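First to last, the sequence lines map onto chains A and B.
Quick note on the working numbering: the first sequence kicks off at -4 and runs consecutively.
Quick note on the working numbering: the second sequence kicks off at -4 and runs consecutively.
None of these hints come from the bench; they were simulated from the model.
Check the hints yourself; a few may be wrong.
Below, simulated PhoX-like cross-link-like pairs (lysine-lysine); rule was C-alpha separation at most 25 Å, straight line [said to hold, decoys possible]: (1) 297/B / 343/A; (2) 192/A / 47/A; (3) 149/B / 47/B; (4) 2/A / 39/A; (5) 149/A / 39/A; (6) 297/B / 47/A; (7) 192/B / 47/B; (8) 47/A / 149/A; (9) 192/A / 297/A; (10) 153/B / 297/A; (11) 149/B / 297/A.
Computed from a predicted model, the values in this text were never measured in an experiment.
Number of protein chains: 2
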Amino acid sequence: MFDHVAKLKEYIRCDSVSADPAFAPGMQRCREFVAGMLRELGLKVEIVPTEKQPIVMARREGPASWPHVIIYGHYDVQPPDPLNLWTSQPFEPEIRGERIYGRGSADNKGPFLVHVTALAHLLAENPSLPLRVTMVVEGEEEIGSPSFHGFIEKHRDKLQGDLFLLSDTGIPSPDQIVITCGLRGIVTGEVEIVGPKGDLHSGLHGGVLLNPIQALAEVLSTLHTPDGRVNISGYYDAVLGVEPWERDELQRLGTSVAQYQEFLGIPRFHTPPGFDPFEATRFQPTLEFNGIGGGYQGAGSKTVIPSRAFAKISCRLVSDQDPDAIWALVERALHERCPKGVSMTVTKGHQGPPYVVVPPGRSNTPKGQSPVLATAFAAAEEGVTKVFGKPPLFLREGGSIPIIADIKRVLGLDSVLMGMFLPEDNLHAPNESFNLSVMARGIEVSKHIMARLAGLAR
Amino acid sequence: MFDHVAKLKEYIRCDSVSADPAFAPGMQRCREFVAGMLRELGLKVEIVPTEKQPIVMARREGPASWPHVIIYGHYDVQPPDPLNLWTSQPFEPEIRGERIYGRGSADNKGPFLVHVTALAHLLAENPSLPLRVTMVVEGEEEIGSPSFHGFIEKHRDKLQGDLFLLSDTGIPSPDQIVITCGLRGIVTGEVEIVGPKGDLHSGLHGGVLLNPIQALAEVLSTLHTPDGRVNISGYYDAVLGVEPWERDELQRLGTSVAQYQEFLGIPRFHTPPGFDPFEATRFQPTLEFNGIGGGYQGAGSKTVIPSRAFAKISCRLVSDQDPDAIWALVERALHERCPKGVSMTVTKGHQGPPYVVVPPGRSNTPKGQSPVLATAFAAAEEGVTKVFGKPPLFLREGGSIPIIADIKRVLGLDSVLMGMFLPEDNLHAPNESFNLSVMARGIEVSKHIMARLAGLAR
Chain A
-4 MFDHVAKLKE YIRCDSVSAD PAFAPGMQRC REFVAGMLRE LGLKVEIVPT EKQPIVMARR
56 EGPASWPHVI IYGHYDVQPP DPLNLWTSQP FEPEIRGERI YGRGSADNKG PFLVHVTALA
116 HLLAENPSLP LRVTMVVEGE EEIGSPSFHG FIEKHRDKLQ GDLFLLSDTG IPSPDQIVIT
176 CGLRGIVTGE VEIVGPKGDL HSGLHGGVLL NPIQALAEVL STLHTPDGRV NISGYYDAVL
236 GVEPWERDEL QRLGTSVAQY QEFLGIPRFH TPPGFDPFEA TRFQPTLEFN GIGGGYQGAG
296 SKTVIPSRAF AKISCRLVSD QDPDAIWALV ERALHERCPK GVSMTVTKGH QGPPYVVVPP
356 GRSNTPKGQS PVLATAFAAA EEGVTKVFGK PPLFLREGGS IPIIADIKRV LGLDSVLMGM
416 FLPEDNLHAP NESFNLSVMA RGIEVSKHIM ARLAGLAR
Chain B
-4 MFDHVAKLKE YIRCDSVSAD PAFAPGMQRC REFVAGMLRE LGLKVEIVPT EKQPIVMARR
56 EGPASWPHVI IYGHYDVQPP DPLNLWTSQP FEPEIRGERI YGRGSADNKG PFLVHVTALA
116 HLLAENPSLP LRVTMVVEGE EEIGSPSFHG FIEKHRDKLQ GDLFLLSDTG IPSPDQIVIT
176 CGLRGIVTGE VEIVGPKGDL HSGLHGGVLL NPIQALAEVL STLHTPDGRV NISGYYDAVL
236 GVEPWERDEL QRLGTSVAQY QEFLGIPRFH TPPGFDPFEA TRFQPTLEFN GIGGGYQGAG
296 SKTVIPSRAF AKISCRLVSD QDPDAIWALV ERALHERCPK GVSMTVTKGH QGPPYVVVPP
356 GRSNTPKGQS PVLATAFAAA EEGVTKVFGK PPLFLREGGS IPIIADIKRV LGLDSVLMGM
416 FLPEDNLHAP NESFNLSVMA RGIEVSKHIM ARLAGLAR
């Protein structure tokens, strides 16, 4: 019998920090642990090298008539520091109450094991299960998945499946599962304004030239309307409308606007017209300033006119905004609004497109959506409703997981993103933990989904 | 015979860096050198302790009927680093061509010795010179003269003179002396804007709240008009008009607008209407942003919405603007223009009032101006014209020397600021030097001024 708690403990003990080369042995042990575990299930395992951390790929093959589900996970974790804030050791799992503590317990070791365990149980009950399964477990998620796009392009033939299934998103409470149906895209960049060729004495020269900080402030101040929209012509042209069912789902979220405001610690919300705070993050794009700098920032004062000033910008995008097209609009607006007397350089950073999938059976289900995907969504809804006592919420989210859009673009596949971690799981923070009751119920749901895909259940 | 070059070499060898406690022995040697030199002239020397660096005060007393000139200098210098950019050692003077190289040669050891040498020569020729002289040589000028205000308040009785005479300002070329007739005041401060209680994930929460960087940019962008004035009601109310003679003096400056633009390295000037660049720095106040910061400023991107952002502000003021009153206007404007959804804190920094003296004989000479001051100005004009071959320019300057306004406010005394250093003297920079030809001619002018004050010359 596959003991998922024992496996999770062993998995957490592999100190697999991808960001820090000092953890290379832990990364290797972790890969070997995953490979061994999947071999035990009878899967054919390959360890695929990349420029950084190899990807574990494991396959249960079968006739082309069997449906093919691809399960994604990542074996790398965030660095554990600050160590002094942990109650128990980050890489020595400890169960306290219904939670298991340890770095990676919730992100993503526990949630990935939900699906591994479900498959193990199903195969134990039915060794000839008519389902093809591919597991793809990467080791670079916490450093931005730089090798993943190239991996799926190169292995496109082995990844001709029906859908991806994964749990690397969140839920608001232990009995409210969320199936994430959309993610915002992102495009980042930087604007720099240069004035005089060097910093100048503000007494000797102040009053004769445009200060680069002033020019930057003037440009940045034009980028939003007073009512909270991005003030760039064409910015919203590709933004999809919101379906009534999407707003209805949000009504069932279970968090109040007042609770959210308290959490943020702000005196008031500032959302675009027509969108409440829960809607704004999911259905609207943004243009945010992530950083600004220029001149003297130390204690007291230094009376210089700085030579340069810069701001870092990121735009969160919603379907069907294209990152390249949006950045072109931003770049043009910045240049057009740059006052004379200074020069401007705009640099583009990284990007990822937005993603959206319409759950089958809702209004406007796109034509040509795979019937296997429809089965998976229906099975998820049935399973969650039965096991958790409440139907899942089908929601778009404000964050970005660029690999999901990559999978759609490169392989043409949608994903069933079954949320498993809670706000209190402390992802990326000290005392990360995972709720074992959520895990146990998640296993039942995953098992139901795979059984239905194989044509076994109901 | 007083050998001013030998004295200057000895003076430069005292490594008197006030900012760095490691140089305490050099500071002490330097004070003792100054005290000894002034004792040699027959002056009564006191070393007056302060909280940091003692002030050397030396007096040549005499009957109350003798005019009383107070000569100011400072014996401290800027730190010498970066040392690797010096051609010769900073504290080992070296003469190359007509220049003497060494830290402090131009700021302020050489220019101060101009007046000491002039007095030495005069006293050698006329031991019973009917002139009272007080020398005040501080050791904290390069760290902002924190003890000077208290010193003149405490020793007000000994500083009941007719005028101050000093050389700690610049000239544009070796044959064009400038008598500085005005200095801008200053008031500094900082504005901080706080939004959410911590940095937020720009994906999960972007779109629901006002970003503090955006709020800061919006507030800062309101503080200037497009044509280059400060956009705060009442800001210019106390600004004195410009006399026609002041504009005429500037016509003789000898630097073209094109040369100035090349020096600054800017594509165009941005001056308030009605003022060319040379006028704007002297006759108009400013509000400059000296620094700005907030959020992530490292390489690449970090997609946070920062909790806070700040800007450092300094206002250069012209007579008769009052630093307290101006800062009150700035603070009120900032608060009034702060958008809802964030909170703002405004903190005042240091300040110093502007200073102006109308050279006697020009239009609008204030009533009650001391006849001794008039004699000093006339003697400076005669002396400079004769020795340098060109009359001096009487100009206000854009920089701030708060002690000059303090002297006016506390003691009621005006100053004759006889410029001595050149742009190429590299003050505060490696390879600081002083032009010995300017020095020799400056000594003749100073001698003429003191002789005239004593009723001897012409």
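25 Å Cα cutoff - pair residue 192/A, residue 297/A: With a Cα-Cα distance of about 18 Å, the restraint between residue 192/A and residue 297/A holds, given a limit of 25 Å.
Satisfaction of hint between residue 343/A and residue 297/B, Cα-Cα up to 25 Å: holds, 14 Å
Pairwise hint evaluation, residue 297/A against residue 153/B, where the allowed Cα distance is 25 Å at most: Distance ~34 Å between residue 153/B and residue 297/A Cα, so the pair is violated.
Pairwise hint evaluation, residue 47/A against residue 297/B, where the allowed Cα distance is 25 Å at most: holds, 21 Å
Hint consistency between residue 47/A and residue 149/A [alpha-carbon to alpha-carbon, up to 25 Å]: The hint holds at about 16 Å.
25 Å Cα cutoff - pair residue 149/A, residue 39/A: Distance of about 18 Å is within 25 Å: holds.
Proposed proximity, residue 47/B with residue 149/B (alpha carbon, max 25 Å): holds, 16 Å
Hinted pair residue 192/A and residue 47/A, Cα distance within 25 Å: Given that 25 Å is the threshold and the Cα spacing comes to 41 Å, the pair is violated.
Pair hint outcome, residue 2/A versus residue 39/A [Cα-Cα no greater than 25 Å]: Measuring from Cα to Cα gives roughly 19 Å; hence the hint holds.
Hinted pair residue 149/B and residue 297/A, Cα distance within 25 Å: violated, 29 Å
Pair hint residue 192/B and residue 47/B, alpha-carbon separation not exceeding 25 Å: Roughly 41 Å between the alpha carbons, so the hint for residue 192/B and residue 47/B is violated.
The structure fails to meet hints 2, 7, 10 and 11 from the earlier list, while all remaining hints are met.
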